[in-house]
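Enquirer: Sequences are here, hints too, so could you generate the full structure?
The number in the numbering used here is simply the position in the sequence shown, starting from 1, with 15 added.
Please note: incorrect hints may appear among the correct ones.
Stated by the list, open to error - What follows is a set of in silico ranges between Cβ atoms, one per label pair, in the way DEER data are often shown:
1) Pro-231 / Pro-26: 44 to 52 Å
2) Glu-184 / Pro-374: 31 to 39 Å
3) Leu-28 / Ala-226: 40 to 48 Å
4) Arg-255 / Arg-353: 34 to 42 Å
5) Leu-372 / Gly-97: 32 to 40 Å
6) Leu-230 / Pro-104: 41 to 49 Å
7) Arg-152 / Arg-255: 42 to 50 Å
8) Asp-59 / His-344: 41 to 49 Å
9) Leu-230 / Gly-185: 16 to 24 Å
10) Arg-223 / Leu-130: 56 to 64 Å
11) Arg-223 / Asp-59: 51 to 59 Å
12) Ala-153 / Asp-59: 45 to 53 Å
Hints are computed from structural coordinates only; laboratory data are not their basis. Every value quoted in this text rests on a predicted model; they were computed, and no experiment measured them. Beta carbons are placed, not taken as given, at the ideal position from N, Cα and C, and that holds for glycine.
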Amino acid sequence: MSATATSPTSPALFRQGLRPFFLLCAGWAVLAMALWLMALHRGDLPDGPLPGIRWHAHEMLAGVVGAALSGFLLTAIPNWTGRPAYAGPPLMLLAALFVAARLVLLPGSPVPVGLAALIALLPLPALLATVLPAVARAGTPRLFGPPALILVFWAGDVLMLGEAAGWWEGTFERGQLLALDIALVLVGLIGGRIIPTFTRNALRAAGREVAEPSLPGLDAAGVAALVAVAVVDLMAPGGRLAGAVAGVAAGLTLLRLARWSGLRTLDQPILWVLHLAYLMVPVALAVKAASLLAGAGWAANWLHLQGIGAIALMILAVMPRATLGHTGHPLRASRAMRVAWVLLPLAAALRAFGPELLPAALSYAAAGTLWMLAFALFLGAHGPMLLRPRADGKPG
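Expert: Here it is in structure tokens:
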């Protein structure tokens, strides 16, 4: 699948990869959660190819996170390789495949589960087929990092949908955990590159000294520890080894973050939210360790703390910044996004710890509502930018 250069005759929505996929990410985050809350409240969500609870788990990962990863990769590869932006018909086809995947898995969908699984598994391989030629021609080995990790993320989807389709047995939960963990590795890898860089640049622009303690090997060790979490969760999930590895990864990740001058960014919301999202990585891993090593009941919902607090918050931190930068707007956080960046961590805390303190149905509803509001605020603040031509008149 080839890509075409950005053309002023293309609809603005399809002039660069982040435009359709960031809209799909936030839009699906709202719609899929609304369906799930309706099901919890009324108890009548019809089964489709997947049972309701598995559909919810799958769509938060393959749908919401998958769309964010697609938008990121389609936007980052041209920046990394110097090739034209992915635009026009190839981008339209990728977006159409993603939408088709969501539709065939909808509750009540009449599509047989085997066919639905095959269709739902198409978007990420098509995405990788689109970007890999440019990556290969660039000849830079590090560029294979995110594409390779997205392929492993897709393998988690294969494990989930493969069990549903009857291709094999007992793999849905491991596939779910693999996809969740690989998304966390991507947060660690990409966040570890952009957060200190953005912070240094902003502080220097403001005339402030930047001092980052030198700890050779820490960054590599931190990412390796997150990879180890994914490997152990795949091979031996839910045991003491998984808890111990999570605890080590929490410590290394926190140590990385402590070097990045996060407290000096409190007057710049578009920066501090990146630090907050990264902070949620060691917090989620530490809660996981408490659950698996000590059997702490309050920590039992660590998975949601990881998914909402670390992964979704990082998505909601990066999407506005990338949208502003790639649509020709100043890098300033809107009031709506500042509110969203408070709502989503509250949603994570409510979903993770609320069932211990409140009636379960109330904590689920409150967390889901805050989730929807956070992503709806992104749509309101940045949706028009993604639908219109660049404000500065440049292509893209």
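Enquirer: State for each hint whether it applies.
Expert: Each hint, compared with the structure:
1. Pro-231 / Pro-26: 44 to 52 Å: 49 Å, holds
2. Glu-184 / Pro-374: 31 to 39 Å: For Glu-184 and Pro-374 the Cβ distance comes to about 35 Å; the hint holds.
3. Leu-28 / Ala-226: 40 to 48 Å: The hint (40 to 48 Å, Cβ to Cβ) holds, given that Leu-28 and Ala-226 are roughly 43 Å apart.
4. Arg-255 / Arg-353: 34 to 42 Å: Check passed, 41 Å falls within 34 to 42 Å.
5. Leu-372 / Gly-97: 32 to 40 Å: The hinted range 32 to 40 Å is violated for Leu-372 and Gly-97, with Cβ atoms some 52 Å apart.
6. Leu-230 / Pro-104: 41 to 49 Å: Holds: the Cβ-Cβ distance is about 48 Å, inside 41 to 49 Å.
7. Arg-152 / Arg-255: 42 to 50 Å: Hint holds: Cβ distance 46 Å, inside 42 to 50 Å.
8. Asp-59 / His-344: 41 to 49 Å: 43 Å Cβ-Cβ, so the 41 to 49 Å window holds.
9. Leu-230 / Gly-185: 16 to 24 Å: Since Leu-230 and Gly-185 have Cβ atoms about 41 Å apart, the given range 16 to 24 Å is violated.
10. Arg-223 / Leu-130: 56 to 64 Å: Distance hint for Arg-223, Leu-130 holds at roughly 57 Å.
11. Arg-223 / Asp-59: 51 to 59 Å: 57 Å, holds
12. Ala-153 / Asp-59: 45 to 53 Å: At 51 Å between Cβs, range holds.
Hints 5, 9 from the list above are not met by this structure, while the remaining hints are.
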